[in-house]
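Protein chains in written order, with my numbering: chain A, 1 to 301; chain B, 1001 to 1234; chain C, 2001 to 2552.
These are calculated hints, taken from the structure and not from any lab test. Careful: at least some of the hints might be erroneous.
[Claimed, not checked] Under the rule of at most 30 Å between Cα atoms (straight-line distance), these lysine-lysine pairs were calculated in the DSSO-like manner:
1. B:Lys1083 x C:Lys2309
2. C:Lys2367 x C:Lys2357
3. B:Lys1148 x C:Lys2390
4. A:Lys170 x C:Lys2350
5. C:Lys2017 x A:Lys174
6. A:Lys185 x B:Lys1083
7. B:Lys1222 x C:Lys2017
8. C:Lys2187 x C:Lys2031
9. A:Lys170 x C:Lys2187
10. C:Lys2350 x B:Lys1222
11. A:Lys220 x B:Lys1083
12. A:Lys170 x C:Lys2017
13. A:Lys170 x C:Lys2031
14. A:Lys174 x C:Lys2367
15. C:Lys2367 x A:Lys170
16. C:Lys2187 x C:Lys2361
[Claimed, not checked] With the Cβ distance kept under 10 Å, some of the chain B side facing chain C (calculated, not the full set):
17. Ala1057
18. Leu1209
19. Pro1213
20. Asp1216
21. Lys1217
22. Arg1220
Backbone N, C-alpha and C define an ideal beta-carbon position, used for all residues, glycine too.
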Amino acid sequence: MWAAVTGKTMRYDAFSKCHPAVNFLFFVGAIGMSVVIQHPAYLLAGIITGAIYYLLLNGKKGWKTILGLLPMFMILTVINPLFNTLGATPLFHFGSRPYTLEALFYGAALASMFVIMMLWFGCYNKVLTSDKFTCLFGNLIPSISLLLVMVFRIVPNFIRKTQQIIGARKSIGKGISENATTKEKLQDGGTVLGSLTSWALEGSVVTGDSMRARGYGAAKRSSFMMYRMTGTDWILLAVMLVLIGATIVAACLGQFAATFVPAIQLAPVSWGLAAYTCYLLIPTALHIKETIQWHISRSKI
Amino acid sequence: MKKSNIATLIVFFLLIPVTLFFGSKLPGRGYYITGTAIIIELMIPFFMAFEGRRPQARELVVIAVMCAIAIAGRAAIPIPNFKAIFAIIMLSGIAFGPEAGFMVGAISAFASNFFYGQGAYTPWQMMAYGAGGMLAGFCFAKGRLPQKPLVMAVFGFLATILWVGPLLDCSHIFLMVSVINWDSIIAAFVSGFPVNLSQGICTVLVMLLFARPLLDKLDRIKGKYGMMEGENGL
Amino acid sequence: MAHFQIKDLSFSYPTAKGRKSLDGINLSIEKGEYIVLCGKSGSGKTTLLRQLKSVLAPHGKKTGEILFNGTPIEKVESRDQSAKIGYVMQNPDDQIVTDKVWHELAFGLESLGCDQKTMRARVAEMACYFGIQDWFNRDVANLSGGQKQLLNLASIMAMQPEVLILDEPTSQLDPIAASDFLNTVRKINIELGTTVIITEHRLEDIFPYADRAIVMDGGKVIADDIPRNIGKLLYEQKNDMFAAMPTPVRVFYGAEGSGDCPLTVREGRTWLSKTYPEPTISTLPAEELDDEIEKPALSLKELWFRYEKDSPDVLRGVSAEVPTGTLYAIVGGNGAGKSTTLKAVCGICKPYRGKVKVFGKPVDKYKSSELFGGCLAMLPQDPKSLFVKKTVREDLTEMTKDEKRIAEIAAVCEIESLLGSHPYDLSGGEQQRAALAKVLLTSPKLLLLDEPTKGIDSFFKEKLADILCKLKEQGITIVMVSHDVEFCAKYADMVSMFFDGQMLTTDTPRRFFGNNSFYTTAANRMSRHVFSMAVTAEDVVELYGQNMGAEV
């Protein structure tokens, strides 16, 4: 169960093999931009690219999540006009409040932004595993990174210990039966929790000793870098920065402008869309490139 | 002046105003970015203070253990939707002081999201949990409030429904609500209330039933190793 | 210059009211030596070892001096101490700090602030030397106990220490993982010249290879000599520690043999064949075996179990019958499903096929309160999982309010003096007995024990055996799962071999171990070429004595 955190169940993915800094910057860009852009053309680009990469990462199971986002999208769309009464074309009235077409479209745009964010966060969770995160921030916040790593170490241990305690109590007749009342379950849960706490805290003393025995606090810590920036990583980084820059320029030129209420006004689609889409396609493109290269190298054998 | 104090000043007088200024110019749901950025900036001084004093091994281990108990605690209590996490965070604050309370809260929120999935709500959750732990630590430090189960239960309940819960609801406002006006804000808080109330009740139950034995266990460790004394009282 | 020079070292804990935990210790440890430190639990071994590394030294009153490479230990910089003095502790799990194997290997180097290049080189080197490369990227949570302890060792060796101190490093491991670990330690000593100071319960694996053995008792060094001479000393002093000596040593002195004391099974065999090339009496009577078990206390019929739907079966048709009133031992390798079988009896695991009957009645027909209230109970592998209260007494009161009954059971388990202590302040053997007391308060007629001898020394093992015998006299049936073949050979009435999810053979200890040639006791391996059915040191001594009598 906890293995999912550390990326053991990962499918093969080229982008995930890149340096964590590249991964992190990409998602900051993708999620950051998805929050501020509300032009329908860009939203569509965001949804499609996000969904493609999400499916690449999750395989068939990914469809379930993506379809699960649909009702969310609907609800958020329909709700918006209830709070936002501006708009030129009222569809009907709720008491004295108008329910307008423009607000409905606006709701759809906002709901799309939400969906895009969910998709990219979904990808983020698959790509930026805990060890990548701590590696990335190991130098900036050494103590907190170490704290995180320790938590990741202890949690699976505790889940196992909890099961051990429950089993041990059961085998001396102190377990809870199937038809226990909530109060009994709660009381027993408290006892188990208390036992776990004692066990854990006593163990923590050993862990502390083990840290100090290995020099924790004896010198300024450095951080072991499991990942190294390769040529590809630098190229990717450069490409990403150029595309983000281009998108920002396009934004400043007003290419993303879109207002929905009181009347729908959209800026014409321009080269900004290409820059934005290219940026979001980076992981997918990388995946396709590696797949092709692999097939070529195979066919040469 | 300590580094972390300078950081606090910079955050409040430079970073936050600048964020607000630029944030107001962002289109779309820019206010979400602004809000999240401010939340992250608010946490910086705490994290810097923690980093700055180079915590000892035992401190780190105890905080890590408390975080892990907060996260794994649900495995111990076989009741669906019963969350002891707030109570454990608050108890950490009560036992080990406001700073430890903040760290346990913020880190357990962050770490558990590696399990359940990070999202736009992560910084808010970190702030809310951390603030809860810190508040508990502050209110019970130096005998300001007696460490009696009933007092802790009432405190836990109020802190959950008035402080931690609403802070969490804020992220929903920024994330889900399309227009920020009084109607939508009130709607968000009202819709969040049942969840907060149930969390509050869980906290009360944990405080009433196991707070005392758990605190005894924490005190035993504190006593045995003379740790976390005097360093971080507010 | 000695590596460590200890001069008149005395130490007492602040709470000990003047009682000295270490009393006038004088020792000199040379570079590259391999030293075994032995003694009963509480003799001050750990206290002494911890004094050798300042950050681990407990608070208390200390007199005397410890010189490390000629410098008083307090004056050696903490950075140098961290790197040069490696310390491995008992519990493999709690020593690990980070979640990934690679990170754990690098932890010490990170602490010392090494640069990337050095760290990469050292980590790679260590991974190769210790054969870790295959699990280098794994999560620590997915390692076995033996792998974890090896990782602890490797992560300390990555700092290239001059001295390696190991405090009962294998007490939580199964025998195979334990000897792997000890072999690695020996390899480090021989190939790298690292000084090794080790305390161990399992002396069989290290005694023959050590340069020196130091025996402690009551905070004093009572013997400091080459291992071959230690046995004689302890035997003459009638010291309790004699019971912990390797089997050949115990046989040799038990039989009052002459010549050089054998240390290994090989030397033991040579010694025996020299003395008795063709013994007159070569076999002991095997125990009587009843073919028909009239009323089995426990019967298992074709149990099949797997943990998850698509995982492999752990139990693959386990069948067994345990006669009432016996001590029944189940031995076998790690992960064979022995513990799972016990869990299946208790209903912690539910077999998807097969039947478990307790005293003739299927377990699922019992009500839970009926089954666990006076019929069946299990002592788990880790006694800590049973402690939930602040003192042992409160923990026992959780089971029953009856003071008299508690006093009675406390007397049986010999924990009367420990009732007021916090369960975590007890030693491993004491915890084991306190947990056993808790289990016994359910008044079980069938008692299940999961690895009861894990992590306890030979002295406590004998105590445990006494308790088990007392319980058997009261008519309690005991089923024990264990790796400890010596213990099973000595005390069990029946032994079953568990392999690959099945109970393969069942026999009395003498027949069982007498017929095995690999999976058997050291006493049997040492004597099987001249005696048969001799499976314990006592058996060999007995036969030796009989032959001695026959010759005269």
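Hint by hint, here is what the structure shows:
Annotation: proposed proximity of lysine 1083 of chain B to lysine 2309 of chain C holds, straight-line Cα distance about 29 Å (limit 30 Å). Restraint check for lysine 2367 of chain C and lysine 2357 of chain C: the C-alpha separation of about 14 Å stays at or below 30 Å, so the hint holds. Taking the CA atoms of lysine 1148 of chain B and lysine 2390 of chain C, the gap is about 19 Å. The hint holds against a cut of 30 Å. Of the pairs offered as hints, the one joining lysine 170 of chain A and lysine 2350 of chain C holds, with about 13 Å between alpha carbons and a cut-off of 30 Å not exceeded.
As the CA atoms of lysine 2017 of chain C and lysine 174 of chain A are separated by approximately 39 Å, the hinted pair breaks the 30 Å bound. For the given pair, lysine 185 of chain A sits about 14 Å from lysine 1083 of chain B by alpha-carbon distance, which is consistent with the 30 Å threshold. Proximity of lysine 1222 of chain B to lysine 2017 of chain C is assessed by CA-CA distance (about 22 Å); at most 30 Å being required, the pair is judged to hold. Restraint check: the Cα-Cα separation between lysine 2187 of chain C and lysine 2031 of chain C comes to about 16 Å, which is no more than 30 Å; the hinted pair holds.
At most 30 Å may separate the alpha-carbon atoms for a hinted pair to count; lysine 170 of chain A and lysine 2187 of chain C exceed this at roughly 44 Å. Straight-line distance between C-alpha atoms of lysine 2350 of chain C and lysine 1222 of chain B comes to about 41 Å, which puts the hinted pair past the 30 Å bound. Simply put, lysine 220 of chain A and lysine 1083 of chain B have alpha-carbon atoms about 39 Å apart, too far for the 30 Å limit, and the pair is violated. Note on lysine 170 of chain A and lysine 2017 of chain C: the hinted pairing is violated, with a Cα-Cα distance of about 41 Å set against a maximum of 30 Å.
At most 30 Å may separate the alpha-carbon atoms for a hinted pair to count; lysine 170 of chain A and lysine 2031 of chain C exceed this at roughly 52 Å. This hinted pair checks out: lysine 174 of chain A and lysine 2367 of chain C have alpha carbons roughly 13 Å apart, not beyond 30 Å. About 13 Å separates the Cα atoms of lysine 2367 of chain C and lysine 170 of chain A, which keeps this hinted pair within 30 Å; it holds. For a cut-off of 30 Å, the pair hint linking lysine 2187 of chain C to lysine 2361 of chain C is broken: about 54 Å separates their Cα positions.
Taken as an interface hint, alanine 1057 of chain B checks out: its beta carbon lies about 9 Å from the nearest beta carbon of chain C, inside 10 Å. Restraint check, leucine 1209 of chain B versus chain C: the minimum CB separation of about 14 Å is more than 10 Å; hint violated. This hint holds: proline 1213 of chain B has a C-beta 8 Å from the nearest C-beta of chain C, less than the 10 Å allowed. Contact between aspartate 1216 of chain B and chain C, as hinted, is supported at the beta carbon level, the nearest pair being about 7 Å apart and thus within 10 Å.
Hint status for lysine 1217 of chain B relative to chain C: holds, with the closest Cβ pair at about 8 Å, below 10 Å. Look at arginine 1220 of chain B: its Cβ gets to within about 7 Å of chain C, closer than 10 Å, so that hint holds up.
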